[in-house]
Amino acid sequence: MTIAIFLLVLFATMTVGVPIAFALMLTALALMVHLDFFDAQLLAQNVQAGFDSFPLLAVPFFILAGELMNAGGLSRRIIDLARSMVGHIPGGLGYVVIGASLMLASMSGSAIADTAALATLLLPMMRKQNYPAGPSAGLIASGGIIAPIVPPSMPMVIYGVTTNTSISKLFLAGIVPGIIMAIGLVLVWRGIARGKDLPVAEKTSWVERRKVLSGSAWALMMPVIIIGGLRFGFFTPTEAAVVAAMYALLVATLIYRELNLQRLYRVLVDASRTTGIVMFLCGAATAASYMITLADLPSQLAQNMGPLLQSPMLFMAVVCLFLLAVGMVMDLTPTILILAPVLAPLAAKAGIDPVYFGFVFIFVGCLGLLTPPVGTVLNVVAGVGGLRMEPVIKGVTPFLLVYFAMLVLLILFPAIVLWPLKLMF
Amino acid sequence: QDIKNRLIRFGYGLNEVSNQGRAAKVFADEVEKASGGKMKIRAIGAAALGSDVQMQQALIGGAQEMMVGSTATLVGITKEMAIWDTPFLFNNGKEADAVLDGPVGQKVMDKLQEKGLVGLVYWENGFRNLTNNKRAVTKLEDMEGIKLRVMQNNVFIDSFKTLGANAVPLPFSELFTALETKTVDGQENPYNTILSSKFYEVQKYLTVTNHVYSPWIVLVSKKYWDGLSKDEQKVLLDAAKKSRDFERKDTRAEADKALADLRAKGMQVNELSSAEAGRMRDKLSAINTSIAANVGESLWKEVQDAVAQARTAK
Amino acid sequence: MNLAKTLRHLVEALMAMCMTGMVLAVFGNVLLRYFLGTGWVVSEELSRLLFVWLVCLSATLAFGEGKHLGFDLLTARMSGTKATVLRWLSRGLIALALWYLVRGSWEQVLVGMDSRSPVMNYPLALGAAGTLVMGVCMAVLLLLQSWQDLRGDGPGEQAAEPGRAQP
Ligand code: NA
Ligand code: NA
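Protein chains in written order, with my numbering: chain A, 1184 to 1608; chain B, 5 to 318; chain C, 64 to 230.
Bear in mind the hints are in silico, worked out from the structure with no lab data behind them. One or more hints might be untrue.
BS3-like cross-link-like pairs, simulated, lysine-lysine; straight-line CA separation at most 27 Å [claimed, not checked]: (1) B:29 / B:287; (2) B:44 / B:305; (3) B:202 / B:165; (4) B:186 / A:1605; (5) B:269 / A:1605; (6) B:165 / A:1532; (7) B:261 / A:1605; (8) B:226 / B:8; (9) B:208 / A:1605; (10) B:119 / B:83; (11) B:261 / B:202; (12) B:238 / B:8; (13) B:287 / B:138; (14) B:253 / B:98; (15) B:29 / A:1532.
Let's have the full structure, built from the sequences with the hints guiding it.
Set out below in structure tokens:
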């Protein structure tokens, strides 16, 4: 009964066009009436509690760091570096996209910010050199979603806070899979580029490369600071985020000198606005999950799932299929906020490692950013590149397939995530 | 008997398997038994109903019925609660029980009423003890230069600074990593917490300082309480008292066991002599003066008298 | 609508100030710990309070700009009377949520007048006031949108959203 009310109110209100945050508040109110605990204060209190949290401060700080990197010339230099290294290989700009994706991913926590930077800088270049539009855009989108997999990661912060999972461990769990993703993209892109007669750029001389490298060295220090700082415990994730933002600010203003006060002000306002949208959702979801806890929804679900909980692998497979379906129509953040508080306790009951489960949850959620009809990252690439959706969707398909294959491996061999993690701790 | 069907949400911060969770269960069972099954307690742990502060505000507003939590977070509502933060106030559990359950404990608890809370009983969180990686603390001077994580609370920060430690306020959630990576050298908590949080994995020395006694307090929303019949109030109060007696016994047994476990896990345990504890207490006289000023001189004196009485009464 | 523009600039300035304050509070604490071996007590409480206000202000701004995430799979396919009905239904539901948000926040502001934060000693009402201001401002924006819709300014929601003319 409780589950029915939860789903019915949430989906009915969302379908008639109520923004997700308000739909979640209405769901919370409906559950309060159902449980006979109606009090408007609980709504207000929990909405506030949803963002009144120190660990969640990592979210605005990572958003700010990403915006500063894009506005301050750090992202551009990383892309230049990738170009000077692999631009000369046949189909080289594709490898540039992959290399730059991975490097940017280790500095920024948001798929949207990274995809925007990659699409703005590299898509016009690829188009000018007659790279096919669809596969190019598809590759950029697929590279963009490495950002939330490799640390730092905004979705992992939100997942960690909503489910009480160690954010540092989630972060470190993503490093190896992120590299595997990049390798998968390389394989697919090689197949695509081989058949086509793409112009080959001149090889960059080592003198030139060294120059580009030293120019980007400051930007490359960022992942060292973030990952090193987390691994060796110099900072908590929140502090790592603020240090990353301050570092990007210093490099952008003092070294690259590409950020004036006016731009900085815009960056602050834009980062705040994005924060507001994400965190308002967090607040509303907290109100709903408070009522979910009171209604003891996970236990109710567990009773109906008996045999599934006996086999962790089967459980993972079912959850992943479910999340893929949800990911088609829902964005990543609300997926985490709505489903993680319900599914994480179930996974724990099934005896699944919480960090592994959290990582796979986020990985599948990221695939949803690439699937129509609601694929935020696809929208960003199409929007920035001025492309129609159809070729982009077609272009992303082969990359998506390789990611699906990877997901199957992740389910069959949890050690892919767990083993490197054990080595690190 | 004038008892209606009631469902009461009782929130707490620790897990179901902690001393807090076990005592909450005892309370729930006692209420159900005494009310003939009419009053039901829904005990919800793991801070699922929010932090202590969030629950307090919900109780005051009448949006939640009951909770148990730290007295230290109540200082923002009722300044008199700060009296229980006084370092070296009690020497042992017996003194704490006598004072907290006596008239002055009740008096402090009753101060909550004007702020919309009804205190029923005090439970025991425990005496806080010191662990660190630098040296075994045997005397006051050994505190010098230890980077010590303290709660984010002005009294505790000032106290440890006065004793010579480098007090670093950190949220509890970040404490283990901070110890593991040597961001801080030490911390202070009851034995049960030191064991359950696995601090023994990253700390070498444990000093039995018993420097602060931390009580918990069982609270009811006054808005809710005033709507209950006398019989219903009595059911809750009696059950709370039973849960208190169980909780203290359980917690003390667990603490003894925890200390033995910590020894077995390889921690080097030493006891702070009462003479050195006395020196620390003297060194903290300025802190005591400011606590006395905050809670009111007369209350300070009443508590000191009650402690003295409990001490001689053995 | 010069007033709307001025208001937006004011809110943006406040948002930027909150963000700057949060960065300074948390980064300052990191610096103190590494260079002076001590912490800044106020850091966590201050940054969280600023965070609450940052979120409330920017969520309000985003509401005015129609930027909160939603589903438009159904609504995008509707036109004419059906679209109008859905639009008003959705507004009514948002209004319902806002009504309880405002009421609850108001009660929590009253409760929080008498409760102080542990370190900075600020009244906890200051936090609850964030969601109160947010709820009231969103409700005003919703009324404005509805009124403009009724007056027939442009085709429905799109043109009726205040703050659309983002530079
Ligand atoms: Na990343
Ligand atoms: Na999708």
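Okay, the hints, checked on the actual structure:
1. B:29 / B:287: Given pair residue 29 (chain B), residue 287 (chain B) is violated - Cα atoms ~42 Å apart, limit 27 Å.
2. B:44 / B:305: Answer violated: residue 44 (chain B) to residue 305 (chain B) is near 41 Å, above 27 Å.
3. B:202 / B:165: Roughly 26 Å separates the two Cα atoms, so the pair holds.
4. B:186 / A:1605: Roughly 21 Å separates the two Cα atoms, so the pair holds.
5. B:269 / A:1605: holds, 22 Å
6. B:165 / A:1532: Judged against 27 Å, a Cα distance of about 45 Å means the pair is violated.
7. B:261 / A:1605: violated, 31 Å
8. B:226 / B:8: The hint holds at about 18 Å.
9. B:208 / A:1605: holds, 24 Å
10. B:119 / B:83: With Cα atoms ~11 Å apart, residue 119 (chain B) and residue 83 (chain B) stay inside 27 Å; holds.
11. B:261 / B:202: holds, 15 Å
12. B:238 / B:8: The hint holds at about 13 Å.
13. B:287 / B:138: holds, 22 Å
14. B:253 / B:98: holds, 11 Å
15. B:29 / A:1532: holds, 22 Å
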